[in-house]
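Undergrad: Modelling step: build the complete structure from the supplied sequences, incorporating the hints.
Take the sequence shown: its letter number 664 is residue 1252 in our numbering, and every next letter is one higher.
Be aware that one or more of the hints could be misleading.
[Unchecked claim] In the DSS-like style, the derived pairs of lysine-lysine whose C-alpha atoms are separated by at most 25 Å in a straight line are: (1) 1344 <-> 1361; (2) 609 <-> 624; (3) 1312 <-> 1326; (4) 1325 <-> 1312; (5) 1070 <-> 666; (6) 600 <-> 1070; (7) 600 <-> 624; (8) 1361 <-> 1342; (9) 1344 <-> 1312; (10) 1344 <-> 1326; (11) 1312 <-> 1342.
Please keep in mind that the hints were generated in silico from the structure rather than gathered at the bench.
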Amino acid sequence: TGLDEILVIEEKHGIIESLVKDALYSAATRPRVVGKADEDGGTLFPGWGSLDADNILSPLRGRLASRIGDRLVPLETKRERILIPLAVERQPFFCSGCPHNRSTEVPDGTVVGAGVGCHTMSIFMDPERIGDVVGLTAMGNEGTQWIGMAEFVETPHLAQNLGDGTYFHSGQLAIQAAIAADVNITYKLFYNGTVAMTGGQDPMGQLEIADIVPTLLAQGVKRVLITADDTSRYSGVDLPSGVDVWERDRLIEAQELLATVSGVTVLIHDQACAAEARRARKRGLIETPNLRTVINQRICEGCGDCGQVSNCLSVQPVETPFGRKTMIDQTTCNLDFSCMEGDCPSFVAITPEPDSGIRGWLARRSGRRALGATASPKVLADPILPTLPDPVLVVPADDFAMRITGIGGTGVVTVAQIIGTAAMLDGMEVRGLDQIGLSQKAGPVVSDIRLSRERASFTNRLGEEQADLLLAFDQLVAASPKGLLTCHPDRTHVVGSNTTTPTGHMITHLDTQLPSTDDLAATIREHTRDGHSWVDAQAATTELFGAATTANIFVVGMAVQAGVLPVSPERIEAAIELNGVAVDANTTAFRWGRAQIAASESVDAARARATPVHTPEPEVLPHRLDALGVEGDRRARLSMFARELIEWGDESTANDWFDVLDEVVDAERAVSNTDLHVLDAVAAGLYKLMAYKDEYEVARLMTDPDAMAEALSVAGTGGAVAWKLHPPMMRALGYDKKISIGTWATPAIRQLAKRKNLRGTALDPFGRAEVRKVERELPGEYLAAVRSALPALTESNVDAVVALAELPDIVRGYEDIKLANVERFRTELAQAVTALG
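TA: This is the structure in structure tokens:
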């Protein structure tokens, strides 16, 4: 009564606004009610997304200005903000070893219905892998959209993703509806045993697969197939007649078969949630597989097939002196081992604790002796912590706001809770907000924290330019709008880690490169105060403590010591103790993070003591290097290539390579006597094509102590090592799986390596294979292209010649993968030559 207007501000749909209007509708005298729209229908507050102070301010001022405009604080002139989108962004991705990595894969051309669950993240992934997604339904409606669509489209069949938690909740009703409508659809029921997206709860009303199958058949499902990561679990399980259990590597075949069946079919993929399995192993509830896997990076061609097969976050690209290769991140690996199905001989299987009998003793003794016992695990330092002075605050202690940016699954939210707990112990009022969404593994995670002494903040969400500190656990997320929108160049301090962590997209897209750490730091610097504190926290904690699990706490220590986080060190340590997880390790990491700011030289010295000292290899053919006139890192790199060429063939092989480099240097210096980028590119490209990895070269690298150092480190003193191989003879016989060859075969493998003199001769048993013939042709084709480009070299086309010279990097992989890449190489090489005229 007596009001002229009621303004309702609420997120999403205008529910309260509607209720107010309904309540006042019959009143003889009523105020105007506005909210989502004004009285003229113009938008005031959007009905989508979230509302914060920034998007409430303008429409609220507009409604108040005509009434109390003289009492409103004048608007500040906002500075122009230019946030350039990053070429690479973090997107949510499945956990390492997640069953969805395999179960969401479909045959080419499949039309797919998405649903609610962790598998929803597949919509961010490649359509070539997860199909053409035509809809995302509400929970329990999975597949019902097809009931309405099927009669009006030419596509004859739909594959519908359905999680087991959703199935037991309401999804089984959707299956019954599809049966009643008699549509052609295959439900892919992901039986993972948990509701992982919301914290790992047990599905309500859960049944065993043996109980689900007869229910589905009784309801009218035409056929049920089961795929599993371990079919031995079904030994003795009573299933209805006609229900087959296949290995998971037949998943595509299973879908192709079910798509030919008219009506509703169900494919049940039985594989436990990787995250829950990891937790259960830590708690001793399930057995931990006694197997690890490592990639021999010298054999690895960086082709990405293991990532294509596994779609696994632990299969990561890594830069090496020999180019981009692939590694297994042992700290995140969930022991799924799909990556070993990749079509290459670089994988090494490790049994940390082999048989205790004579067989295990022989495996350990003969293997380590043959491979070179000098390749031992890194000896970690026992660092002595320097004396740490008390931090001196440079941020407000009574009213403080910070944003934390990081990667999902790395403990960002846990660290936010530790900081919040520590602040409460310090007598502060704490408001926080963790913005995660989905399960957000590998995606961008943001946590906001507000600390105050007088009273709690009115909001837990940071608005534009309100952050006093940007705490960057991941530099890529920090440089995105999620981090920078809260920053102000006169207010926001930055402390963070510049560890380079691949995105999920990079697992299957080999050409994707992260921006450099310098470029990301420069982007952040444009929007924040000077004096950033960056360190590779993952490398620091790994070298100091042997693992990177405490990297985030290390960065917190940096922020506290730098005086940009107004919480006392004692309270942070008390909160770590209250958290109760790895207390000693996290406390130590926190203190060393403080030392990184207070006494960085002490940290550097401790890290240096933990890093093995590598004795430089002696130079190879120094007179040829002298003739090129190269020094420093370039000279060392060329010497490394020459050494490998001699090992691959003999000294004449290296001299042939040097002869070409002489031509390149003469041509390049005739144009410019500065960068020698063409020399660098030709040296690497020609080396790659000349030293191709045939059976003799792979055998050499299989037993090379440096190449096997990581495998021996993971195996430790008591482990056994075996190579995972797919010999061409077995491939020709139709055997499509790799076999394990233990280190007992080392003498025979060494003998094979020594037979390299047979390479390409009439006595070469491997030389007649198509891939070997092609490999022998490629150096000549490449040289012809380079020699045609050198006379045309000018200062204006140096980049184009370098690009031509770098094309051999395309030639990656083994067997069919390599042959496919050779075709691409030949096409692009011809195009590059033509473009140069």
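Undergrad: Now, for every hint given, state plainly whether the structure supports it.
TA: Going through the hints against the structure:
1. 1344 <-> 1361: Given pair residue 1344, residue 1361 holds - Cα atoms ~16 Å apart, limit 25 Å.
2. 609 <-> 624: It holds: about 13 Å lies between the C-alpha atoms, which stays within 25 Å.
3. 1312 <-> 1326: Holds, at roughly 6 Å.
4. 1325 <-> 1312: Holds. Residue 1325 to residue 1312 sits at ~10 Å (cutoff 25 Å).
5. 1070 <-> 666: holds, 19 Å
6. 600 <-> 1070: It holds: about 21 Å lies between the C-alpha atoms, which stays within 25 Å.
7. 600 <-> 624: holds, 9 Å
8. 1361 <-> 1342: Cα-Cα ~21 Å, so holds.
9. 1344 <-> 1312: Measuring from Cα to Cα gives roughly 22 Å; hence the hint holds.
10. 1344 <-> 1326: It holds: about 24 Å lies between the C-alpha atoms, which stays within 25 Å.
11. 1312 <-> 1342: holds, 21 Å
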